[in-house]
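A.B. asks: From first to last, the protein sequence lines stand for chains A and B.
Each step along the first sequence adds one to the number in the numbering used here, with nothing skipped, and position 152 is 152.
Each step along the second sequence adds one to the number in the numbering used here, with nothing skipped, and position 60 is 60.
Hints listed in this document are in silico derivations from the structure and should not be mistaken for laboratory results.
Here the structure is a predicted model, which is why all the values come from computation and not from measurement.
Backbone N, C-alpha and C fix where the C-beta goes; we use that ideal spot for every residue, glycine too.
Take the hints with a grain of salt, since some may be wrong.
[Unchecked claim] Which stretches of chain A does chain B cover? Using the computed rule of at least three CB atoms under 8 Å from a CB of chain B, they are: (1) 34-46; (2) 57-63; (3) 67-81; (4) 175-183.
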Amino acid sequence: MKRAAAIAAVASTLGPECALVACNGMIGRELFTHGDRDSQFYMIGSMGLASSIGLGLALVQRSRRVVVFDGDGNVLMNLGTLGSIAASGVTNFYHVVFDNAAHGSTGDQRTISDKVPIEQVAKAAGYRRVVRVGDPAGLQAALAGFFVEPGPAMLLVEVERGNQPGIKRVEPEPPELTARFRRAMTPSA
Amino acid sequence: MTSPSRRFLDLLEAHGYNFFTGVPCSLFEGVTRILDVEPHYEYLSAVREDSAMGIAAGAYFGGRQPVVLMQNSGLGVSMNALISLHQIYDIPALLVVSWRGQKGPAGEPSQDAPEHLIMGAVLEDFLRLLQVPFAVFAPETLDADLARLTRTMHETGKPVALVVPKGMLQQ
């Protein structure tokens, strides 16, 4: 499965009431290319911290579903945060990991996720549900209930290496991304 | 009698801070002793200081005004989060940073453990280099310093720091 197609498939199931935090690299750019929304935050630096950002938001807005789009390189860089997420008991936290066992933005250098099953690490850390899928049919089946049942939950999607042509850079400047995301999260403020 | 740590937390709340995360240090153990047991603060004990910075960013997006507590060694761990998340995205936070390895009042070498000596010696220069406005904790000027730092934080949209020497917040 191509990563861009998997990202589009998952993003299409989410409404604008969900918060979506995307990690740095191609994952955020592919999400932006698929479709931009004020309720989407693109982390362009600080690799490894998308899950922490999602956790902070999920903690203070317990009634909002918070979805993090992550990569294997990102999760492996801050594995301890899986424990923080599980221990915090954030039932509104949903972690979608697009796993190509490679650092896709820097030239597909291998990570270690082919030997370390990230969803099993999340399960051991205390995530309520974890599921691994490897093809479009499996992904569609998993998506049917994934964001309905309580979290913290991880959906790991195995994707192919390689980048799609025509993927844009995230266009708004970082301060604008902050301002519009915070407005979307706090409409009454 | 109100402890220094209780007074500090009350002042933070008076200045609008309403989300607390971080990694402990013995120099502010009086503060984390309260945060750990009083659910009112919803304190999240983070696994690493950079993760705490990310958690604080998320809380800010959700409408909070966050505090991140860390030892000065953790400032090193946090450097990339500070630069490539908070500073470029205009995400404010108050960093409460302990000062292990601080030299004596006349510049005498610190007697602290070896791992703290270098960061302790360069802490103020390090914060200046990273363009983080800061104050050194002093009980008599704390309220005014917090007011000034918080105003700067709101005006710039970027993190500010309060540096905590030994003996200030252990009780």
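A.B. asks: Please check whether the region 67-81 of chain A has three or more residues whose CB lies within less than 8 Å of a CB on chain B.
C.D. replies: n = 3 at 8 Å, threshold three: holds.
A.B. asks: Taking beta carbons only, do three or more residues of the region 175-183 of chain A come closer than 8 Å to chain B?
C.D. replies: Our answer is that it holds, as 6 residues pass the Cβ test (under 8 Å) against chain B, meeting three.
A.B. asks: With a C-beta cutoff of 8 Å, work out whether three or more residues of the region 57-63 of chain A approach chain B closely enough for the coverage to hold.
C.D. replies: It holds: at least three residues are needed, and the region 57-63 of chain A offers 5 whose Cβ sits within less than 8 Å of chain B.
A.B. asks: Counting residues of the region 34-46 of chain A whose CB is closer than 8 Å to a CB in chain B, do you get three or more?
C.D. replies: holds (count 5)
Checked against the numbered hints listed earlier, the structure breaks none of them; every hint is satisfied.
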